[in-house]
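Quick mapping for you: the protein sequence lines, in order, are chains H and C. The numbering of the first sequence is this note's numbering, which starts it at 1 and goes up by one. The numbering of the second sequence is this note's numbering, which starts it at 1001 and goes up by one.
No lab work stands behind these hints, which were simulated from the structure alone. What you are looking at is a predicted structure, and each value in this text was computed from that prediction instead of being measured. Wrong hints could be hidden among the right ones.
To be verified - With a cut-off of at most 27 Å between alpha-carbon atoms, the simulated DSS-like pairs for lysine-lysine come out as follows:
hint, chain 1, residue 1, chain 2, residue 2
1, H, Lys101, H, Lys65
2, H, Lys49, H, Lys65
3, H, Lys49, C, Lys1101
4, C, Lys1175, H, Lys122
5, C, Lys1101, H, Lys175
6, H, Lys75, H, Lys184
7, C, Lys1003, C, Lys1065
8, C, Lys1122, H, Lys101
9, H, Lys175, C, Lys1049
10, H, Lys148, C, Lys1184
11, H, Lys184, C, Lys1148
12, C, Lys1007, C, Lys1122
13, H, Lys101, C, Lys1101
14, C, Lys1101, H, Lys122
15, C, Lys1175, H, Lys49
16, C, Lys1101, C, Lys1070
17, H, Lys184, C, Lys1184
18, C, Lys1070, C, Lys1009
19, C, Lys1148, H, Lys148
20, H, Lys3, H, Lys122
21, C, Lys1101, C, Lys1033
22, C, Lys1049, H, Lys49
23, C, Lys1075, C, Lys1065
24, C, Lys1175, H, Lys101
25, H, Lys175, C, Lys1122
26, C, Lys1039, C, Lys1009
27, H, Lys101, C, Lys1049
28, H, Lys101, H, Lys33
What follows is the residue order along each chain.
There are 2 protein chains.
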Amino acid sequence: MSKTETKIKILEAGAELIHRNGFNNTGLNDILKLAGVPKGSFYFYFNSKDDFGLALIDHYVEMMKDIHRKNGVDKVTEPVDRMFALFDSLISEMRENEYTKGCPIGNLVQEMSDLNEDFRAKLNSVFANVTDFIARCLEEGREQGVIKFEGDAGSMAGFIFNSYQGAMMRAKLVKNDSPFDDLKVNLDRLLY
Amino acid sequence: MSKTETKIKILEAGAELIHRNGFNNTGLNDILKLAGVPKGSFYFYFNSKDDFGLALIDHYVEMMKDIHRKNGVDKVTEPVDRMFALFDSLISEMRENEYTKGCPIGNLVQEMSDLNEDFRAKLNSVFANVTDFIARCLEEGREQGVIKFEGDAGSMAGFIFNSYQGAMMRAKLVKNDSPFDDLKVNLDRLLY
Chain H
1 MSKTETKIKI LEAGAELIHR NGFNNTGLND ILKLAGVPKG SFYFYFNSKD DFGLALIDHY
61 VEMMKDIHRK NGVDKVTEPV DRMFALFDSL ISEMRENEYT KGCPIGNLVQ EMSDLNEDFR
121 AKLNSVFANV TDFIARCLEE GREQGVIKFE GDAGSMAGFI FNSYQGAMMR AKLVKNDSPF
181 DDLKVNLDRL LY
Chain C
1001 MSKTETKIKI LEAGAELIHR NGFNNTGLND ILKLAGVPKG SFYFYFNSKD DFGLALIDHY
1061 VEMMKDIHRK NGVDKVTEPV DRMFALFDSL ISEMRENEYT KGCPIGNLVQ EMSDLNEDFR
1121 AKLNSVFANV TDFIARCLEE GREQGVIKFE GDAGSMAGFI FNSYQGAMMR AKLVKNDSPF
1181 DDLKVNLDRL LY
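Here chain H stands alone, though its shape is the one from the complex (with noise of 0.2 Å):
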């Protein structure tokens, strides 16, 4: 196996493990056994654990653009569709999962903000480029007429992925899709 494969083996066991149980409640040796490196070398593919967290953000960035691929989102082309096939495909994968872990990013979000100075920029990057996508389609639909709303679309956009945020918080609490539906009503409210 290359360096690269093994990296990437070690990438998926650790996000895998730290999706469920945090970043700082994972120890480095369980990552290495589940991804069936032998323990000990995990300085030899990351210089610490932080620059392997960094590293973790891109792979669960990735890992969430497949699973929305997976669900057809990049097929849909009316742009408000778009965007609420993208949380459905954050509703459905979350259900698959029996409503545990959540947003891998999300919970990072949470976990390490205020611990990490480098894993926060980063974060906020990655949260700022999903909130761009969502303004752009709101954007889009208010255009076309097919919504209509008062104001900034990226501030628009901050209120529903925020929403979403914390109605995924809640659906881990509840076990049901009941913060979604709570959610998806008064959306409708305030866009059509």
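With chain H's structure known, arrange chain C on it following the hints.
Here is chain C on its own, set in the frame of chain H:
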């Protein structure tokens, strides 16, 4: 110092450290050190770290009630103003902490819901109580004609509370008030 006083000292120290660093990322010895209690004496006061964690949830509930009292939430008589006073109290607390830490209970929801069923059940009942409080404010406000919305007040309350949790998470990331501002604009649209 009595056993009860020492227990409270340990809870206060744990609350401080866990609010910033997370439950699993905080060692018992660090808590005892901050509390000024002899290393190794933790199990004299708590049966287990989980037993301590469950007591910590109650401690956080009381801590948040004290913050809301300090900020005058219980002096607000008009129901919708009372609801917004509760959120303003959370926001001003975050502002004082320079947008670090966030909601201590929300953080535990994110971190612990999938790791410990006792935590999940207890956190769920805490969030349900807050949602019930918000639902009563909304119901009274609607009856008095102060606000208007259709459908179940509990569903609207859930949406509002979850969205504040999402906004608090995002505020940890962007380190400013914008997530709260974006939410407030849309709640005004929905309720007035």
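So, going through the hints one by one against the coordinates:
no., hint, in the structure
1, H:Lys101 with H:Lys65, "17 Å, holds"
2, H:Lys49 with H:Lys65, "24 Å, holds"
3, H:Lys49 with C:Lys1101, "22 Å, holds"
4, C:Lys1175 with H:Lys122, "14 Å, holds"
5, C:Lys1101 with H:Lys175, "25 Å, holds"
6, H:Lys75 with H:Lys184, "22 Å, holds"
7, C:Lys1003 with C:Lys1065, "24 Å, holds"
8, C:Lys1122 with H:Lys101, "18 Å, holds"
9, H:Lys175 with C:Lys1049, "25 Å, holds"
10, H:Lys148 with C:Lys1184, "18 Å, holds"
11, H:Lys184 with C:Lys1148, "18 Å, holds"
12, C:Lys1007 with C:Lys1122, "20 Å, holds"
13, H:Lys101 with C:Lys1101, "21 Å, holds"
14, C:Lys1101 with H:Lys122, "18 Å, holds"
15, C:Lys1175 with H:Lys49, "25 Å, holds"
16, C:Lys1101 with C:Lys1070, "19 Å, holds"
17, H:Lys184 with C:Lys1184, "17 Å, holds"
18, C:Lys1070 with C:Lys1009, "21 Å, holds"
19, C:Lys1148 with H:Lys148, "20 Å, holds"
20, H:Lys3 with H:Lys122, "25 Å, holds"
21, C:Lys1101 with C:Lys1033, "21 Å, holds"
22, C:Lys1049 with H:Lys49, "25 Å, holds"
23, C:Lys1075 with C:Lys1065, "13 Å, holds"
24, C:Lys1175 with H:Lys101, "25 Å, holds"
25, H:Lys175 with C:Lys1122, "14 Å, holds"
26, C:Lys1039 with C:Lys1009, "14 Å, holds"
27, H:Lys101 with C:Lys1049, "22 Å, holds"
28, H:Lys101 with H:Lys33, "21 Å, holds"
Going down the numbered hints, you'll see the structure goes against none, and every one checks out.
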